[in-house]
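Each chain, letter by letter, is given below.
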Amino acid sequence: MNKIESLSDGWEMYALSERLFPICRSITGDGVRRTHSILREYIPDLVTHEVPTGTECLDWVVPDEWNIRAGYILGQDHEKIVDFQRSNLHVMGYSEPIDREVSLEELEEHLFSLPETPDVIPYATSYYKRTWGFCLTENQRRSLTNSRYHVVIDSDLSPGSLTYSELYLPGRSEKEVMLSSYTCHPSMANNELSGPVVATFLAKWLSAQDHHYSYRLVLAPETIGPIVYLSRHLSTLKKNVVAALNLTCVGDERAWSFMPSRKGNTLSDRVARHVLKHLSQCYTEWNFLEYRGSDERQYCSPGVDLPMVSIMRSRYGSFPEYHTSADDLTVISPAGLQGSLDMHKAYIHLIETNRTYAATVLGEPQLSRRGILDQIGGGTNVLEKRKRIQNFLMCCDGGSDLLQIAESMGVYAGELEPIARLLLGQGLIKEKKCLRD
Amino acid sequence: MNKIESLSDGWEMYALSERLFPICRSITGDGVRRTHSILREYIPDLVTHEVPTGTECLDWVVPDEWNIRAGYILGQDHEKIVDFQRSNLHVMGYSEPIDREVSLEELEEHLFSLPETPDVIPYATSYYKRTWGFCLTENQRRSLTNSRYHVVIDSDLSPGSLTYSELYLPGRSEKEVMLSSYTCHPSMANNELSGPVVATFLAKWLSAQDHHYSYRLVLAPETIGPIVYLSRHLSTLKKNVVAALNLTCVGDERAWSFMPSRKGNTLSDRVARHVLKHLSQCYTEWNFLEYRGSDERQYCSPGVDLPMVSIMRSRYGSFPEYHTSADDLTVISPAGLQGSLDMHKAYIHLIETNRTYAATVLGEPQLSRRGILDQIGGGTNVLEKRKRIQNFLMCCDGGSDLLQIAESMGVYAGELEPIARLLLGQGLIKEKKCLRD
Amino acid sequence: MNKIESLSDGWEMYALSERLFPICRSITGDGVRRTHSILREYIPDLVTHEVPTGTECLDWVVPDEWNIRAGYILGQDHEKIVDFQRSNLHVMGYSEPIDREVSLEELEEHLFSLPETPDVIPYATSYYKRTWGFCLTENQRRSLTNSRYHVVIDSDLSPGSLTYSELYLPGRSEKEVMLSSYTCHPSMANNELSGPVVATFLAKWLSAQDHHYSYRLVLAPETIGPIVYLSRHLSTLKKNVVAALNLTCVGDERAWSFMPSRKGNTLSDRVARHVLKHLSQCYTEWNFLEYRGSDERQYCSPGVDLPMVSIMRSRYGSFPEYHTSADDLTVISPAGLQGSLDMHKAYIHLIETNRTYAATVLGEPQLSRRGILDQIGGGTNVLEKRKRIQNFLMCCDGGSDLLQIAESMGVYAGELEPIARLLLGQGLIKEKKCLRD
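Chains as they are written, first to last, in our numbering: chain A, 7 to 443; chain B, 7 to 443; chain C, 7 to 443.
No false leads were mixed into what you were given.
Copies of the same chain are indistinguishable here, so a pair counts whether it falls within one copy or spans any two.
PhoX-like cross-link-like pairs, simulated, lysine-lysine; straight-line CA separation at most 20 Å:
hint	residue 1	residue 2
1	K269	K393
2	K245	K269
3	K181	K245
4	K244	K181
Hints in this document: simulated from the structure, not taken from any laboratory.
Chain A on its own, in the form it takes in the complex (with noise of 0.2 Å):
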């Protein structure tokens, strides 16, 4: 995407991340039930649903649902060291409730920090097993003394639920195209903001086009969220999902890149592979094996299968913000989200228009008798313009989709696209019936 057309979504989707961002959200709590309250106001008919806890799933069970009110660790003259008010990073996610004395060697059993980047804090969670913790700076720890400390963490860890919403939005076809983000990290602007900010303003754009298939847009905590969702529509996701997007990482401007599906070589890779490597100048693919971190480690498990895979900026893992504090609203920008927006709108753009045509006539058509294009022949000048129509009929052998014809013509599937219509106007070419239809 070399030229943004227009910035006004990127600034408003920034907005909302600004609205998002201090919010304290986890796999489960109210931070979560607030984040998709807002979400609603962009796509209303997003439909949010709550899990109780001990639901089993798969192989998991929902767990006990987290909320916090305060944390914090008082030094010797009561003064607040490390104070979740300041960042919600500072607690550890999931840490149970605690109030008590600690000596210093009992509480760095409970710190984390980054010894390589001393002013970050770092990202922690302990979802499934019963402990209490604080992320602080490196700098922060240098600073505490051979002394006792009071720590306090005011949260409860209690049956409740696991929040997540969905969007189903019906299209010609029941064969659909699956959107999904997650919506479980405190204070970090590109992972995850980013994901379910773009992702939203890509619903709220589908929501208002004509579209042959249908979508379906799930946000949802990662890992536990998508298992939850596929133990309860992995029939009909398996049934009619085409194509799948995971949308994760796309704040930034620094970098295109993407993570293919499992099986690597689906429409959606297909599609995702040529939108890229046409619209933007490059972008690093990733091994699936080496690098996938998000959704896709359950959508594309085996028996699982779904062709999903991530356009994304800088991956997870690869920017150094990543998982740590300094992955605040300075890493993301306006023309980073408006990019990504109109990437993925290419791929879905392409994703709809790709259709398999059969040429109607055997040789070339008479081209001429149509007026369709300049009529002298001879002549050692070619007519690009005839070449390309020509070109375009040569390809249409009722097998190749429109996204074979553009490869073997070497050109973008978007500049074909008016050639389709033009010679389906003029009878020329016809659509042939597809499995994915």
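Starting from the structure of chain A, add chains B and C where the hints point.
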């Protein structure tokens, strides 16, 4: 074809080219008839057909027949500035008759020249849009002054017929190899006289051969000719053609090049590549979509799907004299024509001998018992001849054809044929039927 | 095999080689019987068979048996210029008996020497054409003067039998892995003693193992031996053999190399390449057609089609001492033999453990709930162990075998086997039956 054994056909082909060169041909007309009549002197069984104007064929309609007697531009002093008698390229093909005074301004709209090569006359036609025009050198054009000119084109453009010829040489099998070339260009030598000339000599040679496959030669105007022919013979061609060659641009000595079929991996493609790889020092393979430009445009189109390839010297469009008066008899040569004839014979020889074999004994046969080869085993020197026979037998798996075996062994298929004959004679291999027989 | 854990088998194999080295072997005869009798000391279940002269087998006939007691050339002074007692290579294999005076001229027609390596005796045979001959060093040959010589070969060439041995080790499956080597060469060490010696120790080791597949070892003369064996057991072999190894040239330390099967992509090829890639520092893969030269010539031939490969050190024909007296006990070493034995054990280990697995849970299993791994999520460090388990599970699609999974993951299959066992124990994967079981 590194060394040419005899140039005698080359000189005869060159003489035929000299005889055909002056004739003014187009997609219809008496020049075409005269041309085919001369070719029948060489291959008497060539049958010429006339297809009436107005005949509908696939997406096209046979146009009016065009004949021309004269064409010139008279200047102020009544001198003929541009004159059809000097070069039949001077009048645009299919120009309608005209006889009147025009201003320079009006005249300019009907002139074609090439600013970058100011000494040559371009070749232009307007088959399906009624107009008139003159082609002239850029230097001639620059000499025109702002005065009035008298333009005369003494042509007929009226119902008649389109002329094409075909030769059918029945073989032992009704499966056939199709040869195609075209006879619609006025005085130009490499494109196109070399095509029909070499095709004629190839057909003449075939007439005197014993051959397994049947052979069909079609000589017709480009584009509309194949359209007409397909409209009459499509089902026969689709049923019987196992390989097809389009002969074009086979007269110069500058290059070897190859235009694959649309599918790119047919028997015809494989044989042509093998022959070119082993018998030319190097050759260029052109991309079908990007560079096709002759009868393969029709014969390879979707639904027609004939396996047509071209083994060329300098491809149409790629040599500087292409489609101008500079493509004269100095561009082609006896050696160029002879080398092309030999290469096409090698192609046919390989098509004819490309059988599939199965070894008849399990394990290696005891060659020594049969007196085929030296019977002393051991020693550090490998007996190349024995190894080649054993390699050949090792490849006779009942599924690989001679061509595949040659490519596995890294040798020219022509060198394996005597081995195949020897082993067949010894009963060590047997032929397997395959679909294309 | 970068490091060898123990050389104890290496020393024993070297000692066995020393014992077998002096024996004069050929494709038949008492030397072969003595050799097999010694090998039966190591693998008592080895069964020796005798096939009478004249037996027809495939395209061949078992030849007369050859035994030799003495052979020499006497000079003018009755000194033995060339003497079988000094090296059994001096008499060409299968020389007919002779005892008479010859001129130098006649003698020369029966002499074999190597001008380029004037100090070594070449190895030559004439199994199927009755003649006699002496092999000598080029220096010996040059010392001959133009006088008369008395040549004596005290040999028998008369009806007898061809000797081969086989060992069958039944496994839980009747599907089997075939091991082949040959015992037809006189005093040469790398080609061939290393082959039967390592094969014997491999069989001895297998006898003490629990194994899924059955194992078959065949020791027979090259070429005629496999022909005889195939004539008796082809249908069983075709039905049961899932992988096959030919052991040859496995005694030196200079190289690792690989001879694929004719088809080149069988399980046996894949396993051998994997083992060589991960356990040798580098290896050469030879082209089958160009360089095959041992039992694979028969076992891989069309219609036989056994998946036989060779994991070799320096390939026959490629090392300077090959087929001469220089291929003596200094060419092989305990370390060379041991490394080859270990590499073949690794091959067998992988064949045995190469099962196909399917994950039993959809999505990722909750590893933390099972106490398999660290339960702290988040953090920027990836837990390599967890990732390897998750990657393994992600590849357990019910269609990929352990080898394919290892190649997808870029690791040695041997490292994945403990993971597979752990996950099987946890019920997280299950084995899938496949055809070759």
